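Going down the list, the sequences are from chains A and B. Quick note: the first sequence uses the working numbering, first residue 83, plus one each step. Quick note: the second sequence uses the working numbering, first residue 83, plus one each step.
Treat the hints as calculated values from the structure; they're not laboratory data. Every value quoted in this text rests on a predicted model; they were computed, and no experiment measured them. Ideal Cβ placement from N, Cα and C applies to all residues, glycine included. Please note: incorrect hints may appear among the correct ones.
What the hints assert, rightly or not - Label pairs and their calculated CB-CB ranges:
1) A:Pro206 x B:Ile293: 53 to 63 angstroms
2) A:Val157 x B:Met275: 47 to 57 angstroms
3) B:Arg204 x A:Asp208: 47 to 57 angstroms
4) A:Asp231 x B:Leu141: 41 to 51 angstroms
5) B:Arg204 x A:Ala209: 47 to 57 angstroms
6) A:Ala108 x B:Pro206: 54 to 64 angstroms
7) A:His203 x B:Arg113: 52 to 62 angstroms
8) A:Asp138 x B:His298: 14 to 24 angstroms
To be verified - Facing chain A, according to a computed beta carbon distance under 8 angstroms, are these residues of chain B, among others:
9) Asp145
10) Thr156
11) Val157
12) Ala167
13) Arg170
14) Arg175
15) Arg289
16) Val292
17) Ser294
Number of protein chains: 2
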Amino acid sequence: MWHLHQFPLCPFSRKVRLLMGEKGVAYSLVRENPWEQRDEFVQMNPAARTPVMTDDKGLVLVDSVAICEYIDETVEKNPMISGTAAYRAEIRRLVAWFDQHFYGDVTGPLLHERMMKRLIHRQPPDASILREAMRRANGHLDYIDYLIDHRAWMAGSTMTLADLAAAAQISVADYLGGIDWKGHEQSKAWYAMFKSRPSFRPLLSERMEVISPPEHYELVDF
Amino acid sequence: MWHLHQFPLCPFSRKVRLLMGEKGVAYSLVRENPWEQRDEFVQMNPAARTPVMTDDKGLVLVDSVAICEYIDETVEKNPMISGTAAYRAEIRRLVAWFDQHFYGDVTGPLLHERMMKRLIHRQPPDASILREAMRRANGHLDYIDYLIDHRAWMAGSTMTLADLAAAAQISVADYLGGIDWKGHEQSKAWYAMFKSRPSFRPLLSERMEVISPPEHYELVDF
């Protein structure tokens, strides 16, 4: 049995959870607040970041990209990094886009302002940083609109890890009130379809202490 | 023929170049300053980051992780992401460590202070940020000492993409004067061996305009 060390609003852990769900792999959740730098956790991952995945035989997998590649390599059902080498490169380009670019522009600043400042620093969020993150989220949704206009799924004709990486980041940004869906019909239709998947339902019903999502967050029709 | 769009101090392009060198794949260099956001470049990669790799048939590969996975999948010689699934996960964990953690702590701040400020903002570097980057570089070298104490190479018994990712980041940090090798005998021995490899020599002889490396930078015996 796998054990995923994570906290509810970690977008990289959400990507792993969506992959595990789509592939039908069972796992238990272990709550970890990486900012507390717990000794046992830092020993498993000196970078002190979630997700970390362990099994009962002592295997420790660190980093969401490494974990997703491992699971996709070892579990045959529903391959999520598949197709030609060029298609796999396009999947990985988009995973990096959402993991790094979207996270750096949108999810990261929102988590810092709305979660870390509240939980740790006991400070109010900086309104100008929130505004800038929402402005950039809008640009990212434009890009997703463009992709979904040209393709059935994010990377092409099949659902891949790129869709899971995108949904993971967007769901955290949406939880933190950073997404304005107005004028983004393509992105919205793609995300609505995603929200109704069995792999996504458990994530949407979870809550982070102290921080509540907007009303539309959990609704499939939003 | 492949064409790699890059600039001399891009650590992610250096990782790709080391991989191409180790695998014996020919390529030409195309100089690109991503901060200029050239229209044709942003069209190839909306994230406006190097490296981007193109061929003569219209294929465009974006993101260093996607490019390295593509090359390792399609070129059999000297596999660099190989072995068991667990070993491959350890390789990818360390690649992410250097690409993100080392870059965020060390190479990124050094590039901003010593290159971007000089080339674009015409400002002097911030001494306190440089000191902090060097302090963190020292912590990273401690970790590499520890790894090399327990393993022949970064990820285990064979040279892998983890070594190339590490050498790419360290070489840029060293060029920018951010590395103090004193007291890091294991890291130094590993890096000295690396410096003498044919895949590394062309990188070490290149220069970025205006910015000169310290004297020891190119020497195998440093």
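Do the hints match the structure? See the list:
| no. | hint | verdict |
| --- | --- | --- |
| 1 | A:Pro206 x B:Ile293: 53 to 63 angstroms | violated (41 angstroms) |
| 2 | A:Val157 x B:Met275: 47 to 57 angstroms | violated (38 angstroms) |
| 3 | B:Arg204 x A:Asp208: 47 to 57 angstroms | violated (28 angstroms) |
| 4 | A:Asp231 x B:Leu141: 41 to 51 angstroms | violated (22 angstroms) |
| 5 | B:Arg204 x A:Ala209: 47 to 57 angstroms | violated (31 angstroms) |
| 6 | A:Ala108 x B:Pro206: 54 to 64 angstroms | holds (56 angstroms) |
| 7 | A:His203 x B:Arg113: 52 to 62 angstroms | violated (43 angstroms) |
| 8 | A:Asp138 x B:His298: 14 to 24 angstroms | violated (48 angstroms) |
| 9 | Asp145 | holds (4 angstroms) |
| 10 | Thr156 | holds (5 angstroms) |
| 11 | Val157 | violated (10 angstroms) |
| 12 | Ala167 | holds (5 angstroms) |
| 13 | Arg170 | holds (7 angstroms) |
| 14 | Arg175 | holds (5 angstroms) |
| 15 | Arg289 | violated (29 angstroms) |
| 16 | Val292 | violated (28 angstroms) |
| 17 | Ser294 | violated (31 angstroms) |
Consistency note: the structure conflicts with the earlier hints numbered 1, 2, 3, 4, 5, 7, 8, 11, 15, 16 and 17.
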